[in-house]
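Turn these sequences into a full structure, and let the hints guide you.
Residue numbers (UniProt numbering), protein chains in the order written: chain A, 1 to 276; chain B, 1 to 436.
Honestly, the hints are just simulated from the structure, not real lab data.
Be aware that one or more of the hints could be misleading.
Computed list of lysine to aspartate or glutamate pairs in EDC-like fashion (alpha-carbon distance at most 16 Å, straight line) [stated by the list, open to error]:
1) B:Lys255 to B:Asp273
2) A:Lys222 to B:Glu24
3) B:Lys76 to A:Asp133
4) A:Lys222 to B:Asp56
5) A:Lys222 to B:Glu54
Facing chain B, from chain A, some residues (calculated, C-beta under 10 Å) [as the list claims (entries may be wrong)]:
6) Thr219
7) Lys222
8) Ala228
9) Ser232
10) Leu258
11) Trp260
Fair warning: this is a prediction, and the values are worked out from it, not measured in the lab.
Positions of the beta carbon are idealized from the N, C-alpha and C atoms, including for glycine.
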Amino acid sequence: MARAVSTRRKIGFTIAAWAVGLAIFFPILWTILTSFKTEAEAISSPPSFLFFDWTLENYTTVQERSNYFRHFWNSVVISLGSTVLGLIIAIPAAWSMAFVPGKRTKDVLMWMLSTKMLPPVGVLIPIYLIFRDVGLLDTKTGLVIVLTLINLPIIVWMLYTYFKEIPGEILEAARMDGATLRDEIIHVLTPMAVPGIASTLLLNVILAWNEAFWTLNLTAAKAAPLTAFIASYSSPEGLFYAKLSAASTMAIAPILILGWFSQKQLVRGLTFGAVK
Amino acid sequence: MTKTTRILMGATALCGMAAIAQAETLTIATVNNGDMIRMQELSSDFTEKHPDIELDWVTLEENVLRQRVTTDIATKGGQYDVMTIGTYEVPIWAKQNWLVPLDDLPEEYDAGDILPAIAGGLSVDGTLYAAPFYGESSMVMYRTDLMEEAGLEMPDAPTWDFIKEAAAAMTDKENEVYGICLRGKAGWGENMALLTAMSNSYGARWFDENWQPQFDSEAWKATLTDYLDLLNNYGPPGAANNGFNENLALFQQGKCGMWIDATVAASFVTGDDSTVADKVGFALAPDNGLGKRGNWLWAWSLGIPAGTDAEDAAKTFVAWATSKEYAELVAEKEGWANVPPGTRTSLYENQEYLDAAPFAQMTLDSINAADPNNPTVDPVPYTGVQFVAIPEFQGIATAVGQQFSAALAGQKSAEEALQAAQELTSQEMQAAGYGQ
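As structure tokens, this is what we get:
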């Protein structure tokens, strides 16, 4: 009897989990389906779910009209560049906060996080002027710097949480064996924290890939990533839903695939330290 | 091959590459709509004629583009050499000396051919600051079959009373046919474009001559009450969420008896995607017999930011894209019906165009019926038909639009929405230093 109840509960939970999963995934699924419709079908009411004339016309048009690969390459450089630069800065910072905390370490961590609470538009003009003066407008370097700074608090926090789980005794032992600070961080701490660093890296690549405010405002033609590619297909006066959906699908496809293959690491990284 | 020959060949190749590298690059910011995309596709004609000029396109959604180019021009960022801007931005930016005056375009450009209403909206003190790429007004698009079934005949210049009568007669909610579709979505370029233009025909105005807000006037009350009555009684469900695209979809599917919106929609409702393409008639936007019609005036135009390091090349491009020759190029490649409308008198004298575009005359009449320099029945201190050409307008009108959209959604009464609009507008205008 108990077994039957538990099986029933299991089925119930499974159905509930699938329902929630599908509800969350539905907007993406709808975007993908719309990208295969004609513009007329995309706005038809009631909408057709699967039974429509599937077409690749939107993908062809989008390819012809825009240089997808230039935007894609810009996205790759900006998201990977900002994440790697962020990790180079954040690993030593998180190490010092986790293993040699000072009186104000908690305050510093909170202060770092508080910078995420500022609405970005509040600092748009000052940053725009600085970028103009140093010639960083519409450059990948400029975006790498900005996105690194934006995501740094998250990277430091994630790594700090990770490093806190590593016994300090191991690092002490390395020190006893004559390891320098550099050796300790590179050869002892980093290998032990690889899963944490990997999940931090993945999450930040996703965040940088999807970042739209700065990437739209600080770029024009040369450094514009996929966010600008999507924005070019939206229009309040004209029907471009199917093409917009095709552009969106092409923009999110790489990051969806990356997320799919690395979901284990991502979940592990995000839930690390949550259950003790 | 001797060493000397190789060196010489290498030097020649380098010189060739240097020549290519010297080609000037224009970065052009533009909006995403059919006419602009077509210009992008046809721009090879320009680069063939001007091999020393390369074109880089930045296409963005209208609101993103507006934010983007405003930031750039205000900070002299210099990222763009040509910007697509509207009749709202041009007078404001020109007064700030942010735009290059276009008073020295070549004679063959024939600036005098630009429609007077459009030229007026793009000029400050008689100087043109942006060249119109396409112009639009608003008009009534209606279903001729439903009008006939209702036993009515749409006049060329209807009144609001007739629109109410026709909306009531055409509505058949059981069959999902709604007498009238209007913009309800909040935004200065959405519901407020329609309502501001509509209010002009009711004798209302945003501000009196001392910049005092006028939402507490009887004229505004009548405007909003009639708008709400029309949509609540004869409009589609969820009208408060409908903008241009949503209403276009409804009209194309045969669910709107009448739709008052941009003249540019005429080619969509009579196009291949429309199920009612052969049953559409056009009329001027309605009036109330006060001498002003409820139609707006807009022109997407090409302006050159002051301080660009490619001013001459930018002028050459602007002259090409807004020329009579460009219209002929579009006609040759895509047909006359696809020529950007509403900018030149000569286009409306071209019989081939008039034959290809059944909505041409009504578009021209609508544009001519709008006067951006004298938009209201009573005098006002501002220019602009469906907007007030001051920098504060975008923010204020969007907030007012939210109040009116909330009234349409049934969250507040017309009186409450008008009172809130009056208060927030007074507050913002005082903070901005107007009327002091």
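What hint numbers does the structure not satisfy?
10 and 11
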